[in-house]
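2 protein chains.
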Amino acid sequence: MTTPYQLYYWDGLQGRGEFVRLALEEAGVPYVDVARKKGGMSALTASLDGEQVAHPSFAPPVLRVGELLIGQTANILMFLGTKHGLAPRSQDGRLWANQLQLTIADIVAEAHDTHHPISSSAYYEEQKKEAKARARDFREKRIPKFLDYFEGVIERNPGRGGYAIGSRLSYVDLSLFQLLDGLAYAFPNTMAKLAPSYPGLFALHAKVAQRPNVAAYLNSKRRIPNNETDIFRHYPELDK
Amino acid sequence: MTTPYQLYYWDGLQGRGEFVRLALEEAGVPYVDVARKKGGMSALTASLDGEQVAHPSFAPPVLRVGELLIGQTANILMFLGTKHGLAPRSQDGRLWANQLQLTIADIVAEAHDTHHPISSSAYYEEQKKEAKARARDFREKRIPKFLDYFEGVIERNPGRGGYAIGSRLSYVDLSLFQLLDGLAYAFPNTMAKLAPSYPGLFALHAKVAQRPNVAAYLNSKRRIPNNETDIFRHYPELDK
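Heads up: the sequence lines are chains A and B, in that order.
Just so you know, full-length UniProt numbering puts 25 at position 25 of the first sequence, and the rest follows in order with no gaps.
Just so you know, full-length UniProt numbering puts 62 at position 62 of the second sequence, and the rest follows in order with no gaps.
One or more of the hints may lead you astray.
Over 10 Å on every C-beta distance to chain A, these chain B residues come out as not near it, computed from the model [claimed, not checked]:
#	residue
1	Trp96
2	Ala133
3	Lys141
4	Arg156
5	Ala203
6	Gln210
Quick look at which bits of chain B chain A covers, simulated, 3 or more residues with Cβ under 8 Å [to be verified]:
#	segment
7	53-67
8	70-79
9	107-118
Between beta-carbon pairs, the in silico distance windows are [stated by the list, open to error]:
#	chain 1	residue 1	chain 2	residue 2	range
10	A	Ser42	B	Ala195	41 to 47 Å
11	A	Asp49	B	Gly159	31 to 37 Å
12	B	Tyr124	A	Ser42	39 to 45 Å
13	B	Asp148	A	Arg222	19 to 25 Å
14	B	Pro199	A	Lys37	48 to 54 Å
15	B	Arg160	A	Val53	44 to 50 Å
16	A	Asp239	B	Arg223	43 to 49 Å
17	B	Gly85	A	Asn227	42 to 48 Å
18	B	Gly152	A	Lys37	23 to 29 Å
19	B	Asn219	A	Asn227	52 to 58 Å
Simulated from the structure, these hints should not be mistaken for lab results.
Where a beta carbon is used, it is the ideal one built from N, C-alpha and C, also for glycine.
Here chain A stands alone, though its shape is the one from the complex (with noise of 0.2 Å):
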């Protein structure tokens, strides 16, 4: 039997693929990590846009589903959280999951850019003094904008279980316990402060880390330390 899924994500780092990996995890599919094998680095760069591929990617994560190859984080959830359990089962609820994570997906390419805001082809030490100034922006303004609005989700959810959506744990709460991780860990300092301003979203990561499947993952080898080749990376300097 041939493993249904394969990724296709940058070795080394959590990244845009991780939001991925939680859900395959958590769904408890059987999928290879394409790029942490041998050989897998130019597998990758075929996938994306080898001159054979039809639906070429701009960027990974891209998942190879037989000869299906689907591009963007939030467009991979949608298909996998559809499939596995992990999305809402009405349209309507789709549409707000899909929402959701394209907003999820706003503040991650934000939080890329406090450590790039001027080039991403270009060295961190290189945009240090900008890097400064765009996260104090950040941690001041667009992190508590973004984290009232996700907690005012939770807060509005008439389900059960404290989930963004409904009564059930779905690909978005995933992706919650991933943003504010990797949140966590760029900007101790930020998140030490704010934490006890968003109640919902704290008990939520820690619910998510709890579940039998990703408390697993997160203790196995798969899950790849933080580092600062990521996109939540830790300078101290921009935690002030």
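Fit chain B to the known structure of chain A by using the hints.
Same frame as chain A, now just chain B:
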């Protein structure tokens, strides 16, 4: 009869709302551009996160369809595209359309950050130096990288007509039109130089502009002129 769609977006700019407007105009369905009516701005704000809103949005555009509120541009377009024949019919095709739309959203966000690289809540004039550096990177590296990608998508599409997907117009084509249009407004020198390298994209831009419903819209007062409160802004110093 009530108008089926109400669009909530800031008055006075095309912005992300324009991608939605183009789909509504091409589909020929009636809609109300709420914020452009008297009292519309407060209706907009209330629709975003008023206390009685079950599914608040982080930011406009938001589309109201009866009781349903849909936020995030790509999410709205997925809904409208499916409903009004502006999306592929197969599930695989719809995932592909959504993937392309999300990649368009990525470059749109980067275009915004050329004039606001440090803080979206500070004036351009306060971050002009950083804007020059970011705009240079955008012009020299990011625009070519994204346009290479989209040109390749059109080239690899086996369908006739020069569209992004298959042999029929989709919302992705409308959004590529708007992307090129905005880039040409903001960066006329850069885009004039690049144009010969992207025959597929520029032909698509011309083709979309000539569609009867789109042409009528572009000539109407409903099309808000480009200006410097928008995502695509023309500052000559950013297009050297």
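Here's how the hints hold up against the structure:
Its closest Cβ contact with chain A, about 5 Å, brings Trp96 of chain B to no more than 10 Å, contrary to its assignment away from the interface. With a least beta-carbon separation of about 5 Å from chain A, Ala133 of chain B fails to lie farther than 10 Å from that chain, contradicting its non-interface assignment. Against the 10 Å criterion, Lys141 of chain B falls within the reach of chain A, whose nearest CB is about 6 Å from its own CB. With a minimum CB-CB distance of about 6 Å to chain A, Arg156 of chain B fails to clear the 10 Å threshold, and the non-interface call is violated.
With a least beta-carbon separation of about 20 Å from chain A, Ala203 of chain B lies farther than 10 Å from that chain, consistent with its non-interface assignment. For Gln210 of chain B, the condition that its CB be more than 10 Å from all CB atoms of chain A holds, with the nearest at approximately 27 Å. With a cut-off of 8 Å between beta carbons, the segment 53-67 of chain B has 6 residues touching chain A; three or more are needed, and the interface restraint holds. Given a C-beta distance limit of less than 8 Å, the hint that chain A covers the segment 70-79 of chain B holds, as 7 residues qualify and 3 suffice.
Figure legend: the segment 107-118 of chain B, annotated as covered by chain A; annotation consistent (4 residues with Cβ-Cβ distances under 8 Å, at least 3 required). One distance hint, 41 to 47 Å for the beta-carbon pair Ser42 of chain A and Ala195 of chain B, is violated here, with the actual separation near 34 Å. Checked against the hint of 31 to 37 Å, the C-beta distance between Asp49 of chain A and Gly159 of chain B comes to roughly 19 Å, which is inconsistent with it. Separation of Tyr124 of chain B from Ser42 of chain A is about 43 Å and conforms to the stated range, judged on CB atoms against 39 to 45 Å.
In this structure, Asp148 of chain B and Arg222 of chain A break the distance hint of 19 to 25 Å, their C-beta atoms being roughly 34 Å apart. A beta carbon spacing of about 39 Å between Pro199 of chain B and Lys37 of chain A contradicts the range 48 to 54 Å that was offered as a hint. About 21 Å separates the C-beta atoms of Arg160 of chain B and Val53 of chain A, a value inconsistent with the hinted range of 44 to 50 Å. Restraint check, Asp239 of chain A to Arg223 of chain B: a C-beta distance of roughly 44 Å satisfies the suggested window 43 to 49 Å.
Evaluation of the 42 to 48 Å hint for Gly85 of chain B and Asn227 of chain A yields a pass: the beta carbon distance comes to about 47 Å. At roughly 27 Å, the beta-carbon separation of Gly152 of chain B and Lys37 of chain A lies within the given 23 to 29 Å, and the hint holds. For the pair Asn219 of chain B and Asn227 of chain A, the beta carbons lie near 54 Å from each other, so the given range of 52 to 58 Å is met.
Hints 1, 2, 3, 4, 10, 11, 13, 14 and 15, counting from the list given before, are not met by this structure.
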